[in-house]
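Student: What follows is the residue order along each chain.
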Amino acid sequence: MPISDKSVPTPQGGVTRRLFIKTLGTTAAATSIAAAGEAAANSIADAQRPDDPVRGPGPIPVTLRINGQERSLKIEPATTLLDALRQNLNLTGSKDICDRGSCGGCSVLVDGKLTVSCMMLATDAEGAEITTIEGLSKNGKLDPIQESFIRHDALQCGYCTPGLVVASRALLNANPKPNLEQIKRGLCGNICRCGTYTNIFNAVLDASGQSPIMDVTPDQSAPKG
Amino acid sequence: MNTRLDDLPTSMPTSNRPQNKGASLNDDASRLDGVAKVTGQAKYGRDQFLPNGLFVGFVRCPYGAAELESHDEKAALAVPGVVELEITGKEGKYHGHTVGYLVAESMQALARGLRALSAKWKKGEIKTRITDEKLETPEPNDKSKELLAGADHVLEAEYSTEVQTHSSFETHGAVVDHKGDSAICYASTQGTFATTDGLGEAIGLPRSKYEVVCEYVGGGFGSKLNGAGKEGVTAAKVGAKHKGPVYCFCSREEDHLDTGNRPSGLARVKIAFKNDGAILGGLIRSWGGVGVSRGGGGMAVPSGRYDLGEIQREHSDVQFNAGAPRPFRAPGHPQGAFVEELMLDEVATKAGVDPLQLRLRIDKNDDRREMMALGAKLIGWDQRKKTGSQTTVLRRGFGMGTASWGGGAAKTECEVVINRDGSVEARTGTQDIGTGQRSSMGIIASTVLGVPLKMVTVRIGHSTLPIGPGSGGSVTTPSTAPVMTVAAEDARKQLLAAVANLNSADPSEFDIKDGQVLRAGKPLMGFKEACAKLAADQIVGRGKTEQAERGQGHSHGVQFVDVTVDTETGVVRVSRVIAYQSCGKVITRKMAESQIIGGVIQGISYALFEERVLDRNVGAMVNANLEMYKILGPGDMPHIEPVLWTKGQTGYRSLGEPPTVPTSGAIACAVYNAIGVPVRSLPITPNKVLAALEGAKS
Numbered sequence: 001m002p003i004s005d006k007s008v009p010t011p012q013g014g015v016t017r018r019l020f021i022k023t024l025g026t027t028a029a030a031t032s033i034a035a036a037g038e039a040a041a042n043s044i045a046d047a048q049r050p051d052d053p054v055r056g057p058g059p060i061p062v063t064l065r066i067n068g069q070e071r072s073l074k075i076e077p078a079t080t081l082l083d084a085l086r087q088n089l090n091l092t093g094s095k096d097i098c099d100r101g102s103c104g105g106c107s108v109l110v111d112g113k114l115t116v117s118c119m120m121l122a123t124d125a126e127g128a129e130i131t132t133i134e135g136l137s138k139n140g141k142l143d144p145i146q147e148s149f150i151r152h153d154a155l156q157c158g159y160c161t162p163g164l165v166v167a168s169r170a171l172l173n174a175n176p177k178p179n180l181e182q183i184k185r186g187l188c189g190n191i192c193r194c195g196t197y198t199n200i201f202n203a204v205l206d207a208s209g210q211s212p213i214m215d216v217t218p219d220q221s222a223p224k225g
Numbered sequence: 001m002n003t004r005l006d007d008l009p010t011s012m013p014t015s016n017r018p019q020n021k022g023a024s025l026n027d028d029a030s031r032l033d034g035v036a037k038v039t040g041q042a043k044y045g046r047d048q049f050l051p052n053g054l055f056v057g058f059v060r061c062p063y064g065a066a067e068l069e070s071h072d073e074k075a076a077l078a079v080p081g082v083v084e085l086e087i088t089g090k091e092g093k094y095h096g097h098t099v100g101y102l103v104a105e106s107m108q109a110l111a112r113g114l115r116a117l118s119a120k121w122k123k124g125e126i127k128t129r130i131t132d133e134k135l136e137t138p139e140p141n142d143k144s145k146e147l148l149a150g151a152d153h154v155l156e157a158e159y160s161t162e163v164q165t166h167s168s169f170e171t172h173g174a175v176v177d178h179k180g181d182s183a184i185c186y187a188s189t190q191g192t193f194a195t196t197d198g199l200g201e202a203i204g205l206p207r208s209k210y211e212v213v214c215e216y217v218g219g220g221f222g223s224k225l226n227g228a229g230k231e232g233v234t235a236a237k238v239g240a241k242h243k244g245p246v247y248c249f250c251s252r253e254e255d256h257l258d259t260g261n262r263p264s265g266l267a268r269v270k271i272a273f274k275n276d277g278a279i280l281g282g283l284i285r286s287w288g289g290v291g292v293s294r295g296g297g298g299m300a301v302p303s304g305r306y307d308l309g310e311i312q313r314e315h316s317d318v319q320f321n322a323g324a325p326r327p328f329r330a331p332g333h334p335q336g337a338f339v340e341e342l343m344l345d346e347v348a349t350k351a352g353v354d355p356l357q358l359r360l361r362i363d364k365n366d367d368r369r370e371m372m373a374l375g376a377k378l379i380g381w382d383q384r385k386k387t388g389s390q391t392t393v394l395r396r397g398f399g400m401g402t403a404s405w406g407g408g409a410a411k412t413e414c415e416v417v418i419n420r421d422g423s424v425e426a427r428t429g430t431q432d433i434g435t436g437q438r439s440s441m442g443i444i445a446s447t448v449l450g451v452p453l454k455m456v457t458v459r460i461g462h463s464t465l466p467i468g469p470g471s472g473g474s475v476t477t478p479s480t481a482p483v484m485t486v487a488a489e490d491a492r493k494q495l496l497a498a499v500a501n502l503n504s505a506d507p508s509e510f511d512i513k514d515g516q517v518l519r520a521g522k523p524l525m526g527f528k529e530a531c532a533k534l535a536a537d538q539i540v541g542r543g544k545t546e547q548a549e550r551g552q553g554h555s556h557g558v559q560f561v562d563v564t565v566d567t568e569t570g571v572v573r574v575s576r577v578i579a580y581q582s583c584g585k586v587i588t589r590k591m592a593e594s595q596i597i598g599g600v601i602q603g604i605s606y607a608l609f610e611e612r613v614l615d616r617n618v619g620a621m622v623n624a625n626l627e628m629y630k631i632l633g634p635g636d637m638p639h640i641e642p643v644l645w646t647k648g649q650t651g652y653r654s655l656g657e658p659p660t661v662p663t664s665g666a667i668a669c670a671v672y673n674a675i676g677v678p679v680r681s682l683p684i685t686p687n688k689v690l691a692a693l694e695g696a697k698s
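The listed protein sequences correspond, in order, to chains A and B.
Under the numbering used here, the first residue of the first sequence is numbered 1, with each subsequent residue one higher.
Under the numbering used here, the first residue of the second sequence is numbered 1, with each subsequent residue one higher.
To be clear, the hints were calculated from the coordinates, so they are not data collected in a lab.
Just so it is clear, CB atoms sit at the ideal spot from N, CA and C, and this is done for glycine as well.
Hints should not be assumed to be uniformly reliable.
Calculated lysine to aspartate or glutamate pairs in the EDC-like style (CA-CA distance at most 16 Å, straight line) [unchecked claim]: (1) A:K224 x B:D181; (2) B:K241 x B:D181; (3) A:K224 x B:E370.
What follows is a list of derived Cβ distance ranges for each label pair [to be verified]: (4) B:K120 x A:G58: 27 to 35 Å; (5) B:E84 x A:Q182: 48 to 56 Å; (6) A:I213 x B:A149: 52 to 60 Å; (7) B:R207 x A:S72: 52 to 60 Å.
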């Protein structure tokens with residue numbers, strides 16, 4: 001039964017009730033809060049074509065636009081975007097740490113919005129512009145936030161680092177000069193086990209032209225030699 | 001991505017932390033694997049998805065104790081893509097205990113196969129904690145009796161800590177690429193060579209035919225010291241059978257259950273002290289909760305850092321139905337320090353003495369006492385109110401703790417290769433688990449040779465390289481740095497001898513500085529130019545443990561914390577931490593600071609959040625994930641200032657473990673200072689704070 005809701009456009013210009021409900025459900029479940037909304041709705045609508053009403057259960061062809069390149073792959077419909085990236089496309093910069101949306105290690109940008117790729121189906125990302133950690137540096141040059149991470153040693157084992165770099169980029173895109181509290185809030189979807197947060201905060205401050213937080217002066221802290 | 005190696009940013013000065021300026025061999029050096037890690041190019045073992053690979057998943061006991069009654073082998077093998085099932089046992093002794101494994105062509109098939117197996121379990125009797133055992137507190141011996149009887153005061157208290165899992169972000173596992181007559185094992189390990197040894201029989205090849213690679217390791221914290229582990233061994237076995245790549249990595253849940261932890265602990269103390277706070281001695285009885293392990297539950301109290309008089313000490317480990325401990329960053333020490341520091345603050349408060357003054361009196365080390373005096377000023381100790389004097393909703397508390405660490409050294413060989421094209425390689429097989437080992441090696445080679453860091457390529461994490469230590473006991477840098485120094489000195493000597501020979505002069509006339517060869521202090525030619533004139537293809541400088549001078553003595557640390565306790569919600573927030581640490585000569589300022597900050601953060605996380613929760617009825621871990629097993633996140637972060645102590649420091653000493661030792665004790669002291677009643681149990685969760693406040697009222 002067609003309903004008119006212009007916020008959920010499809011190639012056909014209409015949407016089924018089933019698709020609409022599915023869209024709502026998937027949107028809530030599949031994307032991070034920051035990314036919830038139109039992007040997912042659009043991609044689902046694009047994926048549901050009249051000549052392809054049911055997909056699966058076997059492997060299906062999927063085309064993803066990743067870091068500016070079209071990538072075609074055959075995957076089971078239940079494959080997450082993260083698994084497609086890592087296991088099918090060998091883009092292993094996005095990490096699987098918790099596998100359930102609580103660590104941010106698999107963060108990517110989906111149409112510019114911060115998304116945990118372990119909570120999104122690959123098919124739901126069809127039609128969207130996906131940027132992974134591998135796509136942040138361009139023409140052999142590091143993104144300023146990547147350079148700032150290195151300068152401030154905002155990494156140790158490095159396993160959470162790609163997710164935190166992507167999340168920091170998303171934060172700076174939304175707020176070019178965040179203060180410390182805004183940085184903490186902006187990165188609170190990510191965790192790190194080695195304990196690199198202090199330096200990550202400094203890296204984000206530096207990348208946005210602000211001074212690192214200091215409250216100790218050299219002369220009072222320790223004798224030299 | 002086409003950032004070339006030449007573009008590696010190796011010198012990146014920062015203006016922050018001026019207190020540590022000039023502390024290290026190279027203050028401005030950035031991590032040599034920084035670019036690889038921030039661009040996602042770094043390939044960890046868990047990232048090795050090889051064409052036509054098989055995947056292994058374990059069949060695991062879902063309860064604290066259970067017997068595998070039945071399983072549907074036919075159904076599991078009938079799942080498309082499932083290739084093999086091995087049931088190796090029936091008895092599950094803890095949640096996560098493996099009783100077999102399944103092999104499949106994809107992860108999805110693996111999951112379907114494990115579901116189709118329909119394992120049915122018969123639950124058994126279980127114990128899940130130390131206190132499920134009847135604990136007998138011993139009678140004081142004659143000496144203790146005498147001390148307790150003659151004391152002005154006696155502190156009698158019970159302290160407890162919970163199980164902390166390592167939660168390394170790259171889980172445990174390996175990928176074995178078996179090619180029939182040779183193999184490569186991509187391991188996530190803290191011991192390249194221990195893993196190589198451990199694969200022996202399972203991989204079915206002589207050691208000369210396979211190699212272990214671990215260029216990048218996603219954390220370990222002690223839990224990846226067990227050689228190849230069951231994951232590596234099983235991958236090797238399956239690989240040897242099917243002659244192809246085999247992927248065997250734990251899921252997050254499996255990692256919590258079956259790859260080690262910091263054991264729980266319980267300590268009962270009876271401490272005799274005088275009116276002025278002087279401690280005479282007494283009795284400390286402790287128990288370690290080691291799950292199914294036979295040992296490993298020790299608590300390092302007394303630590304030996306303080307004069308506590310004569311202590312009667314007894315300890316035993318208690319077994320129950322849960323996964324076994326493994327070494328975890330300073331095993332036994334944070335637990336011990338928590339007990340000791342809070343105990344000291346309780347003694348000081350009862351005696352009416354400032355806890356800082358008490359520590360200044362009884363601490364046995366000059367460096368630490370000096371750190372205490374300086375650190376107290378930095379944290380603002382003079383703002384500390386008397387314990388129990390605050391009546392506001394939000395109460396502020398100050399606390400402190402200490403650490404010391406003696407290190408050994410393990411067998412190490414290093415090579416420094418100078419090629420004729422002027423490129424330099426620093427080589428040792430040991431791994432970098434996030435500490436900055438790769439960078440340290442490069443900095444030493446570059447400093448000793450007198451060439452920019454950019455010219456040095458470091459090769460580590462490979463079993464075909466010269467042997468290096470496992471990353472345990474904080475010995476990696478103390479073992480490798482002196483040996484790499486010897487190797488670089490050897491290479492430098494050989495190069496200068498060659499240059500002297502070409503100029504028919506004495507080698508003592510020549511020197512290398514900033515990539516220039518000098519003669520009598522004046523630039524003669526560039527380093528590259530000199531290398532181009534070498535008669536041989538390359539110079540190989542070598543170093544061995546026996547030739548190297550090891551750093552002597554201990555690393556010391558003192559930490560101060562400033563916390564706020566909300567007495568309505570029970571929430572504890574740490575707002576500032578000052579962390580002093582010595583470690584001998586510092587190689588790289590930034591990575592040394594990172595080690596200290598990381599240790600502090602893990603300490604705060606241990607003090608406030610981390611706890612393995614077992615269901616007491618069935619023995620299953622109910623929070624085997626990363627949202628209910630809470631580790632500290634960005635929003636919980638205090639401001640942390642690491643101070644590198646350089647006064648009187650010689651040699652290279654340990655830095656990895658000591659900074660995580662004092663933190664939890666310091667926080668417990670600060671909470672006590674704020675609310676006037678000690679919370680003697682870690683983690684200090686809101687419910688415990690509220691219960692302590694409630695108890696104090698009644």
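Student: Run through the hints listed earlier and report the numbers of any the structure violates, in increasing order.
Tutor: 1, 7
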